[in-house]
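Residues per chain, in single letters:
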Amino acid sequence: DAMVIQNPRYQVTQFGKPVTLSCSQTLNHNVMYWYQQKSSQAPKLLFHYYDKDFNNEADTPDNFQSRRPNTSFCFLDIRSPGLGDAAMYLCATSRDWRASGTSQETQYFGPGTRLLVL
Amino acid sequence: GNSVTQMEGPVTLSEEAFLTINCTYTATGYPSLFWYVQYPGEGLQLLLKATKADDKGSNKGFEATYRKETTSFHLEKGSVQVSDSAVYFCAFHTDKLIFGTGTRLQVFP
Numbered sequence: 001d002a003m004v005i006q007n008p009r010y011q012v013t014q015f016g017k018p019v020t021l022s023c024s025q026t027l028n029h030n031v032m033y034w035y036q037q038k039s040s041q042a043p044k045l046l047f048h049y050y051d052k053d054f055n056n057e058a059d060t061p062d063n064f065q066s067r068r069p070n071t072s073f074c075f076l077d078i079r080s081p082g083l084g085d086a087a088m089y090l091c092a093t094s095r096d097w098r099a100s101g102t103s104q105e106t107q108y109f110g111p112g113t114r115l116l117v118l
Numbered sequence: 119g120n121s122v123t124q125m126e127g128p129v130t131l132s133e134e135a136f137l138t139i140n141c142t143y144t145a146t147g148y149p150s151l152f153w154y155v156q157y158p159g160e161g162l163q164l165l166l167k168a169t170k171a172d173d174k175g176s177n178k179g180f181e182a183t184y185r186k187e188t189t190s191f192h193l194e195k196g197s198v199q200v201s202d203s204a205v206y207f208c209a210f211h212t213d214k215l216i217f218g219t220g221t222r223l224q225v226f227p
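Chains as they are written, first to last, in the numbering used here: chain A, 1 to 118; chain B, 119 to 227.
Just so you know, the hints here were simulated from the structure itself, not pulled from any lab data. You may find that some hints are simply not true.
[Claimed, not checked] As a list, the in silico BS3-like pairs of lysine-lysine whose alpha-carbon atoms are at most 27 Å apart:
1. B:Lys170 / B:Lys214
2. B:Lys214 / B:Lys174
3. B:Lys186 / B:Lys174
4. A:Lys17 / A:Lys38
5. A:Lys17 / A:Lys44
6. B:Lys186 / B:Lys214
7. B:Lys186 / A:Lys38
8. A:Lys38 / B:Lys170
9. B:Lys178 / B:Lys214
10. B:Lys170 / B:Lys195
11. B:Lys170 / A:Lys44
12. A:Lys52 / B:Lys174
[What the hints assert, rightly or not] Coverage of chain B stretches by chain A, computed from C-beta distances (three or more under 8 Å per stretch; other residues unrestricted):
13. 181-193
14. 204-214
Predicted model only: the values in this text are computed from it and were never measured. Cβ atoms here follow ideal geometry from the backbone N, Cα and C, with glycine treated the same way.
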């Protein structure tokens, strides 16, 4: 089945120690998104890629960075995690709706990686 | 600005009860509307969607109708099950997904 895969499902890191979360997809979608979701809140978009074109949300801290080496993979790097960065991180994909119209903008989410910062 | 307003939870129901979760939106134009469901410890799953006025999205017994005149997209199910216990997010798409705050549904046997 085509899907969005996130590994690991749970990640523990230490305060200030860099951590990388991974996302891969078999849907061949050219748009990939990273969201942060804190307890009992809606997901908050951090950034997204149209192919290799990176788009950062204005309020995403500099501590968060991303890499997309190819269509299938996307990484979220947290350079110096603080206690406030403990959250669920969700990866999502979609087709490029800009050219194809409203039928293409459905986002498909992975299961998430829960990050714990000690 | 763009926003989604959902009824606050938790919504607590007995099995086989009727469910309504209200959702209204403020947006420019007529965006596609979505309901996503999040089971405990999981990511979001698309439950249903509607792309234009008067469209009805449906899946797994859930339904929602795109009401342009009231800017609403209320989620309904005729008979809930314990397995429907989850958090439900209403959302619409402009240049990105705009989510509501989520409504937790708890269904008891």
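Hint check results:
{"no.": "1", "hint": "B:Lys170 / B:Lys214", "verdict": "holds, 17 Å"}
{"no.": "2", "hint": "B:Lys214 / B:Lys174", "verdict": "holds, 22 Å"}
{"no.": "3", "hint": "B:Lys186 / B:Lys174", "verdict": "holds, 12 Å"}
{"no.": "4", "hint": "A:Lys17 / A:Lys38", "verdict": "holds, 20 Å"}
{"no.": "5", "hint": "A:Lys17 / A:Lys44", "verdict": "holds, 23 Å"}
{"no.": "6", "hint": "B:Lys186 / B:Lys214", "verdict": "holds, 20 Å"}
{"no.": "7", "hint": "B:Lys186 / A:Lys38", "verdict": "violated, 32 Å"}
{"no.": "8", "hint": "A:Lys38 / B:Lys170", "verdict": "violated, 31 Å"}
{"no.": "9", "hint": "B:Lys178 / B:Lys214", "verdict": "holds, 26 Å"}
{"no.": "10", "hint": "B:Lys170 / B:Lys195", "verdict": "holds, 21 Å"}
{"no.": "11", "hint": "B:Lys170 / A:Lys44", "verdict": "holds, 25 Å"}
{"no.": "12", "hint": "A:Lys52 / B:Lys174", "verdict": "violated, 35 Å"}
{"no.": "13", "hint": "181-193", "verdict": "violated (count 0)"}
{"no.": "14", "hint": "204-214", "verdict": "holds (count 3)"}
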